[in-house]
Each structure stands twice: as C-alpha cells, then as structure tokens.
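Full structure from sequences and hints, please.
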Amino acid sequence: MKYAFETAGESRSFPNGDAFLNGAVGRDQADVVIYSGPRLAPDPRKTVILIELGEECLGDHIDDDNPAHANVLGFARYRNGDDPPSRLIELVRHPKASEAAIAAARDLFAAAGLEVSLCNDQVGRIINRLVVPKYNAALRFLDEGLATQADMDLTCKLGLGYPDGPIERVVRGGLAPYYQVSKGLFEAFGTSAFAPPRRARIAFKQATTGTAPAER
Amino acid sequence: MTRAIKTVGVCGAGGTMGAGIALVAARAGFKTISFDMSEGALDKAAKQSADFLDKSVSRGKLSGDGRNAIVAAMSRTTSIDGLRDCDLVIEAVFEDLSIKRDLLGRLDDACAEDAIFASNTSTLSITEIASGSKHPERVVGMHFCLPAQLMKLIEMSPGILTSEATFRTAWQWTEACGQMPVKTQDKPGFILNALLVPFNNDAIRAVEAGVATPADIDRAIKAGLGYKMGPLELLDLIGLDTQVRLCEAFYPITLDPRAATPPLLRRMVAAGLLGRKSGRGFFDYQGNAMFGA
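So the sequences go chain by chain: A and B.
Anchor point for the first sequence: position 13 equals 13 in the numbering used here, and the numbering is continuous, going up by one each time.
Converting from the second sequence to the numbering used here requires adding 1000 to each position, the first position being numbered 1.
Worth double-checking, as some hints may not be accurate.
Beta-carbon label-pair distances, calculated as ranges [stated by the list, open to error]:
id : chain 1 : residue 1 : chain 2 : residue 2 : range
1  : A       : 189       : B       : 1147      : 32 to 40 Å
2  : A       : 12        : B       : 1208      : 27 to 35 Å
3  : B       : 1101      : A       : 148       : 53 to 61 Å
4  : B       : 1286      : A       : 39        : 48 to 56 Å
5  : B       : 1071      : A       : 111       : 52 to 60 Å
6  : A       : 107       : B       : 1058      : 40 to 48 Å
7  : A       : 15        : B       : 1058      : 45 to 53 Å
Calculated from the structure, these hints are not laboratory results.
These numbers were taken from a predicted model, which means no experiment stands behind them.
For every residue, glycine included, the Cβ atom is placed at its ideal position computed from N, Cα and C.
In structure tokens, the structure reads:
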C-alpha cells in the first residue's frame, strides 16, 4: 500500500530519520495520505486518510456527520513524554468511519511492524486515560511517604513484571510534558484522579519560567 | 528484644499462599511448621509442595538432596499449640480483620513472649490486625506475592506500634530467604494493590465507556508500555469476583472513586463471568471469542 506523508514540521509519531518516512510517495500516487500538521483536505478517492493526533480528539479536525470524512481516521504512535515512539499505534475511529478505511490503516501500520489498537474518539484514547491516574497516584504516594521511589518502582517491576516503575517512567519521559498531558485530561474529565500532581506542576513551572532545571 | 529466627510457623498453610510461604521458609533452611485447621487442606498443600519440588529437581533447579532437606524441614499441625516453638509466625489466613485479630490473640497464648508475628494481608491495616495481640510491637506486615515460592517481592510494613527490632529482624529474615523486601507505610493496599486495583478498575471503566474492546485495550497496554499482560487479561486471571472483593475492601477505607466497584464488573460477576475459573470473563477461554469485541 502506497502512502504519502504531508507534514508541517517533525512528526511526533514518526520523527525525522524514522524508517517509515522513507517509504512515502507523492500524494497523487498514494492510496493513503497521512497528515501530520497540515489542514485536512478531504479526498474520497483515497482508501484512508490518517490525521496524526496530539492530545486532541479526531473530532477537532473533522465533521463526524460529513460523508466525505468516512475514510478519515486519527492516529497517534504512543510516546512516553520525550521517550522514543513505542510500537503502539492508537488508531482512532469516528462513528461513521468506513470499515475499509480501518482495515487499510491496520494493514499499513502492521506492515511497518507496528501494533494497532483501535479506539473510539475519546479524550486520552487508551493509554493516557489509563496510565495518568496511576502515575498521578504514584507521585502522590511518593509525596505522602508511602515508600521511596526506588521501592515503589521495584515493587511494580518485581510484583507486576513491568519493564519499568511508574515514577522512573514519568521522570524519564519528562515531568513537564507529563504535566500538560495530565492537565488536558483533568480539564476534560474534571475528576481529581487526573489533576496534575505537585511534582509535575512544579517541573512545568520551572521549565516554562526557566527558574531551575525542569526535572530533578 | 527479639531472638534469632530458627523455626517458622505458617498459619493458613493449607491455602495456596500459605503453602508457598512455607516453601520459601523451608527452602532457606528454616524449620517450618505448617498450621491449618483442616487436615485435608494440609494434605493437599503438602502434595502440591512435593510436586513443585519434584518439578524443580527435574528441571535441574534443585538437587535431590536439596529436595529431601526441604521436605525434612517441613512439618504440619492442626493445633495452634504446635506453633509454640516458633520464633516467627506468618499468618496467611482468610482476609478478614476479625479472623486475623482473633488468630493473633490465640498466638499470644501459644507462642513465646518474644516470638514475632507477621501478617500476609494485602488489604488490611497492620496496626488494626496487631491490635488483636497483647504485643503489637511484635507484629509486622509481610505481604508476599502469588505464587510466593516463585515471586521475590515482599512488601514489609510496620504498624504504628511495631518495634524497630521486630521490623529489622523480620526484614533480615526475608533477605535470608532470598526474597527482596520493600518498605511501605501501613496504608491500604501498600504499594502493589494501591496502584493495581484502581488501575484495573479504570480498564474496566474504559470498556464500559466504549473507549475500545478488551482486546484492543490489552494490546495497547502491552505494546505501548511493555507489560507482559493486559489489565483485562490479568483480571480474568485474578478472578472478577476477587476484584469485587478487593474493591469492597479498599473503597470504604479510602473513599477513592477509582477503587469503587465498576458497574460492569458487578454485572459480569452476577452473570457468572468470573474470568478463567468460570471459562469466561473479558475473554472467552472455551473458544476464541472475546467478550465486548
């Protein structure tokens, strides 16, 4: 399947140098058009049009009821803050998305060696919706003295088989970018589980005011 | 003062967790007495332990002499008085505060004045459990992970009145067993369950909210975070009824909305969908169909 990549700056899912970019062809030759930044230009002739999402929803880019958007899907390759992209593509559908478009998107990413999880167009998609409350709790527990960071991380690795602990993961990805993810979810859901934790709030403040190193 | 630990008692040793803890102790060379009210449960546990050790030998992880030494270190009793010579008694009985408190009271009478009592509770307060003993300074939290004979992690929690000497001795004993202790405060769920129970509930709520199918959620967690198992697959393994019990233990004491039982979970348990043990939970274990997919 031939794909074109329409970018305005570096893609977060496929940063400069990513092998996936090497396979892109011109828009006219492509069955699939991937937008990373530029404004969507609907094209019903394409098998699927993919819009790279940040923290926003697919609905911020399209009109769900417009038949011309049936072949438009959203996607994001999950990244933990500034960590390199993972193997996961969160593929976002809207209620009237065509099954053919979904199948084509799955095939495209699978051919690139990526894992695809299909989700509906909801804030936080799958991963951030699930991990942010957990990471926030871990950071709060750290403040409350439940255990040391090392013991909390070790517990998750030994007890649950995680490759890394929740706090080391958030710190590695960057507390300042994490603050923004948490804040966005908090604004959307309004529940305290998503409220940015103290350490992330401070890190963001320091990063934006330049008063101290962003991560301690 | 506490004494050196030579003999270890395990209460509730007829259960899976208790039997595993007894293996950990005996494997490290401690004289180990398994206590349970049920002779039949002890027989069953002894057979499972023997099978485990035989498998370890056949896999080359344990010598035949090593196996025999472990078996020789283990004995059984259905009388609490049989624990009188224990320096450390670890309880792994049913997760019920009144049962555990009552047990500690009886251990007070049965054991020596300086014996240490450890609780394997995963959800209850060590301080509240310790209040069942006349010597709360000798009670400590020692939460093993299932299966205890394979998992290295132990969450060690001092209650409010636990003495430093008790905590230190218990900690050193876990290290002598080759385990990896971590220290936590005496708070609901310690570290592991405080993070895991709400996280698993969040995954159930994501299914209920139509975010994605169970299969897509689990795939995302595994591919995105590198977890070996997705939360819904894990819930099926734990048992959905067990998750309900965990929620019912946590929510009243934490009032954390994430710890409250998700409505979908209640409905599934009511429908008899308990996970692997019933053949169907979020996934179907009789065929390949996936619930909610």
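Here is what the structure says about each hint:
For the pair residue 189 of chain A and residue 1147 of chain B, the beta carbons lie near 37 Å from each other, so the given range of 32 to 40 Å is met. Taking the beta carbon of each, residue 12 of chain A and residue 1208 of chain B are about 30 Å apart, inside 27 to 35 Å as hinted. For the hinted restraint 53 to 61 Å between residue 1101 of chain B and residue 148 of chain A, the CB-CB distance of approximately 30 Å leaves it violated. The hinted window of 48 to 56 Å between residue 1286 of chain B and residue 39 of chain A holds, with their beta carbons roughly 50 Å apart.
A C-beta distance of roughly 55 Å is found between residue 1071 of chain B and residue 111 of chain A, which places it inside the suggested range of 52 to 60 Å. For the pair residue 107 of chain A and residue 1058 of chain B, the beta carbons lie near 45 Å from each other, so the given range of 40 to 48 Å is met. A hinted range of 45 to 53 Å for the beta carbons of residue 15 of chain A and residue 1058 of chain B is consistent with their spacing of about 50 Å.
When the structure is compared with the earlier hints, a violation turns up for hint 3 alone.
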